[in-house]
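Construct all of the structure, not just a fragment, from the sequences and the given hints.
So the protein sequences, as listed, match chains A, B, C and D.
So for the first sequence, the numbering used here puts the first residue at 26; every next one is plus one.
So for the second sequence, the numbering used here puts the first residue at 26; every next one is plus one.
So for the third sequence, the numbering used here puts the first residue at 26; every next one is plus one.
So for the fourth sequence, the numbering used here puts the first residue at 26; every next one is plus one.
These are calculated hints, taken from the structure and not from any lab test.
Note that the structure is a prediction, hence the values are computed from the model and not measured.
There is no bait here: all hints are sound.
No copy is singled out in the list; a pair is fine if it fits within one copy or between any two copies.
Derived lysine to aspartate or glutamate pairs resembling EDC-like cross-links, with alpha carbons at most 16 Å apart:
hint: 1; residue 1: K307; residue 2: D262
hint: 2; residue 1: K166; residue 2: E65
hint: 3; residue 1: K44; residue 2: E61
hint: 4; residue 1: K259; residue 2: D313
hint: 5; residue 1: K44; residue 2: D96
hint: 6; residue 1: K166; residue 2: D67
There are 4 protein chains.
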Amino acid sequence: MNSIGTLFRLSIFGESHGKCVGIVVDGVPAGIPLTESDLEKDLSRRKSGAKGTTPRQEADIPRIMSGTFNDHTTGAPIMILFENTNTRSRDYSFLLETPRPGHADFVAHKKFGGFEDYRGGGHFSGRLTLGIVAAGVIAKKMIHPIEVKSSLIEAGGSTNIDEAVEKAIAEQDSIGGIVETIATNMPVGLGEPFFGNIKAIIAHYIFSIPAIKGIEFGSGFAAARMRGSEHNDKFIDINGKTATNFAGGINGGISNGNDLIFRVAVKPTSSIHATQHTMNMKTGTMTDLNVEGRHDTCIALRVPVVVEAATAIALADLMLQEQRVKRVFK
Amino acid sequence: MNSIGTLFRLSIFGESHGKCVGIVVDGVPAGIPLTESDLEKDLSRRKSGAKGTTPRQEADIPRIMSGTFNDHTTGAPIMILFENTNTRSRDYSFLLETPRPGHADFVAHKKFGGFEDYRGGGHFSGRLTLGIVAAGVIAKKMIHPIEVKSSLIEAGGSTNIDEAVEKAIAEQDSIGGIVETIATNMPVGLGEPFFGNIKAIIAHYIFSIPAIKGIEFGSGFAAARMRGSEHNDKFIDINGKTATNFAGGINGGISNGNDLIFRVAVKPTSSIHATQHTMNMKTGTMTDLNVEGRHDTCIALRVPVVVEAATAIALADLMLQEQRVKRVFK
Amino acid sequence: MNSIGTLFRLSIFGESHGKCVGIVVDGVPAGIPLTESDLEKDLSRRKSGAKGTTPRQEADIPRIMSGTFNDHTTGAPIMILFENTNTRSRDYSFLLETPRPGHADFVAHKKFGGFEDYRGGGHFSGRLTLGIVAAGVIAKKMIHPIEVKSSLIEAGGSTNIDEAVEKAIAEQDSIGGIVETIATNMPVGLGEPFFGNIKAIIAHYIFSIPAIKGIEFGSGFAAARMRGSEHNDKFIDINGKTATNFAGGINGGISNGNDLIFRVAVKPTSSIHATQHTMNMKTGTMTDLNVEGRHDTCIALRVPVVVEAATAIALADLMLQEQRVKRVFK
Amino acid sequence: MNSIGTLFRLSIFGESHGKCVGIVVDGVPAGIPLTESDLEKDLSRRKSGAKGTTPRQEADIPRIMSGTFNDHTTGAPIMILFENTNTRSRDYSFLLETPRPGHADFVAHKKFGGFEDYRGGGHFSGRLTLGIVAAGVIAKKMIHPIEVKSSLIEAGGSTNIDEAVEKAIAEQDSIGGIVETIATNMPVGLGEPFFGNIKAIIAHYIFSIPAIKGIEFGSGFAAARMRGSEHNDKFIDINGKTATNFAGGINGGISNGNDLIFRVAVKPTSSIHATQHTMNMKTGTMTDLNVEGRHDTCIALRVPVVVEAATAIALADLMLQEQRVKRVFK
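Encoded structure:
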């Protein structure tokens, strides 16, 4: 479904080439300062236009339609709307017959029986992450003093990211990348036992972002090749600080007060300029497909702020649920 | 929290050294043949006793306490109970002061204020996965004709797993591993848009299993180093079959009919025989810790059936929600 | 919170005097014909303007902002927006000090710490039911062939409703009423065991409508005065049709195929023209309060279509969950 | 489904004549004193044996199987089990053909296709309320200083309840009743906006109790016959205390600090000694039915403690969610 959350709840909607995309954010405490301009910084980090990103430039102007009054949150749900203004009125109906490899066209068609809005990916478009970024700004205000920072640490297999992008542009191809997230000032105790543990919750949000292929916490896949004697992080003080952080700040699914660290893999953009082979779902024959349009060479360039937002959202929900708060009621 | 699911719901309970562990499985359709002996095969795959696993041998006898009648499911919730019989009455209270590195002792103590059942990991114990395995057996019956198969493909960095385990035993250390899961006979269309997408849902369940450090679907982290022109899986027939399967059977968060493939990283068991340094939470001083007890050298040996179960559970819930079923109501 | 539903999910937002009210409707199957004009009939039934209703006349023009394409639902969430156009720019800030008796002003102030949007009831306003009515239109299309019909059967204690309203207008007072709902063509089997039973689910939605004081199914409160020998409905055919319908179409929390029947009590509008006593929350003194504004003499006149919508919504969610559908997976 | 709750979650299971009934209670803060003997008082109030209740006397011995340690809650889920000991091994299979009027037999058969456990009502049995009562004891400890008190104020239409019950016994018939609940020491602010409002939440839990036909808050159905000028409760002090309490302690779906008051209608027990007419679902003919067994003449006698528990459970969940608690995070 398109909603998620226990006490901090999101409900997302919209299509790439429809009227709008947007989000309803529920569970925000009253009294948090919030204006549309607060959203700008993170939204601009997600924006296209830089080298390696699509030339489609949406204004991406957020409109806070409910839930604030006198520039503060009211405790009522906050609806944030982004109207689509720069959609090209091109005919996308060929997608009904010839799905693009690597895209959701085929599965959308099978699942929604041809009624799906196929234009520009429709509801599956990365454009829906605008709402995630906006909700993330609110979440970041709620999780203070935790600071979340995501950054692209590798693209196309290289840590020289500019170079990798330029090479891919020259080759008219696309490349993936790896985004690392570090949350500092973490309290001990975030995460609920078992199904509500912090890894499960964060992974759930992260995989809701299009183009994510994997996630690993702390030592991650490298842990599979380590020994317990080296992997166990040694405590070095009474607050639980450890000498190493293979745990990524998590034990037993609960934050341990050290920095929360995880990395995600972003696939190369599926939209490329090359001619590709596909099938014609109507005729049953194989055919060539050239998809014109405005593409990201490296969507990973725009992913960090989205991952950062998703992380803050997950943490905000977990903070609202945290057990110590419940102690009041004993 | 300790419950999860939309139409197929689990509620898990129990402690390693308490009276029992168990699970309530709700949303199971009526009329599925189910007896306690159906659970045996998978439970025995999870069992300890083989080389590299802990010598603590629980009988692990499942008792179906509700939800079946005349050896079939009734549509009412199924409660499955495992009584703990082989708990050692040893004193674990030292854990209240000196938490084990790499374990949940410290976070449990901070989160639950010293009221946690600290014996043998308490509610954080891997023993709770007994319920997951039992629920998985039921889920597997529900997802027919899908077949899920998980296997350990690497331990301690080696594909010769026996050798890696023996070496670790000799060194009195522990090792991690990588478990690969393949689900065949997948229908097109499983997964709901956005937050209910199949990657997010599966990852949520998988990270609820203790000791998991990472998950990657299809090409996974390797995708970050690939180009779109090679990563896009070419369609080779009208049913959506593709020549390669970098997508891992998923596009846009929806199953595409190809095999579902993912890998998870399992960390080396935190319990080791070596002397470790820790802190004394009461006195504030650093101290040595020797934890006797019965440990797994390579917990990854016992993880595949748990991952398999968690996958089947995720798929069962998604199948019950699948949109095509809803078409009936139009 | 402001969202609800298992497979058919609503997320509601907006304020009486803010920019808009609206709703996100998720879980709607693809392929249902839907345009804005489909919403008009029910929205106009909710409208004010008739005798006994407030003279504030909003255009109440629904804008379907997402989830439809070529005049059919796509399977993606449907966001419906109603912009507020006829809000009076009057100063309502006196409500921050002197809450109106019978209104939410006092509790909103205490709960949201003075950050609440107090204008015209803010988020607590009956105006939010616009979204419920719109979602109800969609739900009605999903529950075919069930027909839901709600009507006002009593106002101010009289079945001559016109007369009762005129009398109340003359006296510058407000009156309550009773709304009866009958759903015909009910299938057997709607409702899930225990917490998902049809009475609990319907009551949950109904009490989400402002001004509802009670609900009773079938014989309702009269059942407390009946004997089992008269209350047990006699079966008269093989399909479960009964001679009487004291059960209101429900046994064991599951629909039995007879008409679903329930009644709700609507309180008299709290807004009245008379001078009322209240306290000043700031000064701690008691004071008089005259609230000008445009009021409904009998809000119960506008409630039936809202109750009808809420019922259809509850039934739509239950139909999507119905066990027989799940049989497919055995 | 058989689970409910946001932060305080119940998962219920069991059958009247199966091995057991029970409940999993999740979300209980750590550190609350809890032993099996704490449950006795309320369980004995629910017990049968008194005049007007069934002679089936179960021991109803609760076993706390998880979630406590050293007689305190640990923060992990609490599973409470009641084994069935006094089930009669009589043949109930006639219910597969001839459903009892007023019971769930018919709908269970249609919904679960004959796989339902039909013995003694199976999963639909009032015996499942044992778990509710046990969870209620825990909830009552969590909601301190709120006190919830439910009592039977009318049976068979009379306030002389003893007399009414004796008369019904003499006539071998059953009678219904009305249960009133009053919660004192209520804080202002419980209940979340719209779908999470306190009336909706309480009603949801109350209608999960078998045999409930209606619920009304404060003035309830009488409000439909009142005028706004009399119905609006006058504030008499700065804390929101009102002279009257027609609101039942609730405005805008949020508790206002006055006593929470509601009444529920309980139907006459469906099981009676008289010969009744029913159909034979197999042969399609109408037939007579005599159901022997041990029945309650007035089930309403045993309902108050269940309603009290359900109310405490609803309040516990709402208290854990209360907005003021969230303020910490701003």
